[in-house]
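Asker: Chain by chain, the residues:
There are 4 protein chains.
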Amino acid sequence: MTALPPVRLRADARRNRDKIVAAAVHAFTEDGPYLPMEEIARLAGVGVGTLYRHFPDRDALIMAVVQDSLGTMLARARAAAVDEPCAWDALIRSMSGSPEIRLALRLPNLFQPATTEVIRADPEIRRIRGELMAQIDTLVQAAQQEGTLRADVGTGDVVHLFSLLLQGMQKMPREVGEAVYERSCAIVLDGLRTRRGPLLPGGPLTLRDITE
Amino acid sequence: MTALPPVRLRADARRNRDKIVAAAVHAFTEDGPYLPMEEIARLAGVGVGTLYRHFPDRDALIMAVVQDSLGTMLARARAAAVDEPCAWDALIRSMSGSPEIRLALRLPNLFQPATTEVIRADPEIRRIRGELMAQIDTLVQAAQQEGTLRADVGTGDVVHLFSLLLQGMQKMPREVGEAVYERSCAIVLDGLRTRRGPLLPGGPLTLRDITE
Amino acid sequence: MTALPPVRLRADARRNRDKIVAAAVHAFTEDGPYLPMEEIARLAGVGVGTLYRHFPDRDALIMAVVQDSLGTMLARARAAAVDEPCAWDALIRSMSGSPEIRLALRLPNLFQPATTEVIRADPEIRRIRGELMAQIDTLVQAAQQEGTLRADVGTGDVVHLFSLLLQGMQKMPREVGEAVYERSCAIVLDGLRTRRGPLLPGGPLTLRDITE
Amino acid sequence: MTALPPVRLRADARRNRDKIVAAAVHAFTEDGPYLPMEEIARLAGVGVGTLYRHFPDRDALIMAVVQDSLGTMLARARAAAVDEPCAWDALIRSMSGSPEIRLALRLPNLFQPATTEVIRADPEIRRIRGELMAQIDTLVQAAQQEGTLRADVGTGDVVHLFSLLLQGMQKMPREVGEAVYERSCAIVLDGLRTRRGPLLPGGPLTLRDITE
DNA sequence: GATGAATGAGGCTTCATTCAT
DNA sequence: AATGAATGAAGCCTCATTCAT
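Residue numbers (this note's numbering), protein chains in the order written: chain R, 1 to 212; chain L, 1 to 212; chain Y, 1 to 212; chain Z, 1 to 212.
No wet-lab data here; the hints were simulated from the structure. Warning: the hint list may mix true and false statements.
Unchecked claim - The calculated lysine to aspartate or glutamate pairs, modelled on EDC-like cross-linking and capped at a C-alpha distance of 16 Å, are:
| id | chain 1 | residue 1 | chain 2 | residue 2 |
| --- | --- | --- | --- | --- |
| 1 | Y | K171 | Y | E38 |
| 2 | Y | K171 | Y | E30 |
| 3 | Y | K171 | Z | D209 |
| 4 | Y | K19 | Y | D68 |
| 5 | Y | K19 | Y | E38 |
| 6 | Y | K171 | Z | E117 |
| 7 | L | K171 | R | E30 |
| 8 | R | K171 | R | E30 |
| 9 | Z | K171 | Y | D209 |
| 10 | R | K171 | L | D122 |
| 11 | Z | K171 | Y | E30 |
Go ahead and model the full structure; you've got the sequences and the hints to work with.
Answerer: Below is the structure:
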């Protein structure tokens, strides 16, 4: 049920597979993951038959998209960790930017319960997710040690808030969405900065806390 | 606080209508507004025919639910304004609480574009929405005058953030959802409190800014 | 299954029954017999429940309408036979005029096969039909003896043609329909008048020929 | 003679399309155009989905059937005009024969008002109809000039009468229907032949008179 | 391998009939 | 007895998936 193709594909087949995933990422971002399969095929510029040859059903396609998004986000987070001298900036950069990141952060809210189960069970996705969690965790702790991120939040808190902010951009015209995001993000970042206020209720959330 | 249907209904019909709207509020909150009509009828404990007698199609039902939610939210906001001596508390109370409020705040993200148009065009909904906007606006300004709410945010910013926070509770078991909400809400409130940091980018958002 | 009410009805019930049949005659003439039962009730100014109290299902109502139409047509044909000195004129008058006659003559083409079976089986309808056939038969023979109607046609031929002419008025605005009917009727009457051309193919049709 | 669908179809799709239209012509002739779509599909030997792939809704199918019928009728009328030395015979031949002609002549009475509007609006149908009207008009005038058709009738009168005669065959077993048609047709033709009686009321009907 | 046509299950809606008021 | 609300079977149409070309 994983979408990792077992064997090397012929060059044209590979190209089609990539076109389909790219179209699906885009379509999922705009319209959610339940638009007609024919529509996805059309957007990718292939026939439905081709889509189904690469992905035996909608869940398989969703899985590939999730893998792709999480993988991209992981790569960006690693790059940010390397590039940015300041952990706070690296953290923010990890959470913003490409459509894949937006999609990755919105994943928990995107699917019907049954699909969510299938996604959770996929070993490849578990693996990428685990690495991503570790990477963000590292950044969160670094930011707390450098004194920019308040000490009483966990990775789960941070990810959850960014996830919400990105969801907030949906259903708005691009320009409006971006302005709204900028403002809300600034407010949230103010809330996340080091401060002396009272501790948050409960203990720090892990990523696991908010998804299972 | 539901918008009264134009004519008086027989007692049993009234009861069924209320059961249907209540079931729909609950179902929309859990699963969104596009679950099968038969399922909604089943949850309300009536046949599909009864559902359709009261609401000629899904849009009509959605409209009734939206009116009900916004109406409830308006009533709570007014009550909070009267009860609470402190505008900050009134504001927070206006944004929390019943399923109807949660639903009302999530409305913008809930529907397909076509449905959204229909909702926007409904005069009764426009009326309630207008009154609600005015009420929240009043609370926002009062909170800013009492010095608790930072001066550079608008009603739109506040509503948008609460809307996101409530969306974040979806798809989680109740307990988890509430804990996550508590923490994220505390962070966002810290971000919203009066402070001396730099101004937010752009100008204060109105509610209209984020919905049209 | 007959619609003849077994017992004398209370005056108000009788009135309702008559209103329903009258509304149904009218509605069937305009829209055919398969419009919604609620619509028929509405046109009659009663609730559906009342309609169903008088007629247990659509077929029962149809039966009552058929009885009413055929009965009216029979009465008119008898009156015409008495009033008109010339059989040709009596025949034409028997075939024209009231909505009930128009409906009666269009009956064969109006119903779905299953309904047609039920109508055929009703003893009361068989009785009225039989008397009507006898009456028209008498006029046809009288017209042939007086030398106005060509000798090689039967009652079935005559009834069939008038049935068609009346059907032709449907789906046209009243004025147009009547003008068209006048002209077509004149042409058909020219074809029916005594003349010396070749005999018609086959033998004269009886009413039975065209309905069973 | 069917209006060609805009693009070339795959051989199997073309075959299915033709099977569906043929089945629909047959079914409409027997049962009218409002039998269940599933039934039409079954008669054509395809699944509902296939039917809907070719015709997005019932109206689209009806349109194709109307185009097919009118197109066939036009072809026959032209062939008759060429073949028959006598216009009277050509006219009669144009009005008899195939199921498509029978259907074409019954079209005005077959549909619900809303469907009728849609049909009238279709440009392809307007075009075929226009050519057909012109062709019949020519035959009518030729028959009047050769002295066989009475001079005081118009194309509309002739078409209307044949339309009625063909409607009269419905709802009868084939054999009976044909015998009845033969006789009624002979009577009507006697009425249409040149003669010296009084002129018909009103002026000759054009085709336009009886359909718009 | 790619394509797009065919299939049929499932969701939406109407309406004949039954039943509570 | 009259009313109109409730029910659910049946028709319409869409779309996930399979299969012939």
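Asker: Tell me the numbers of any earlier hints that the structure contravenes, in ascending order.
Answerer: 1, 7, 10 and 11
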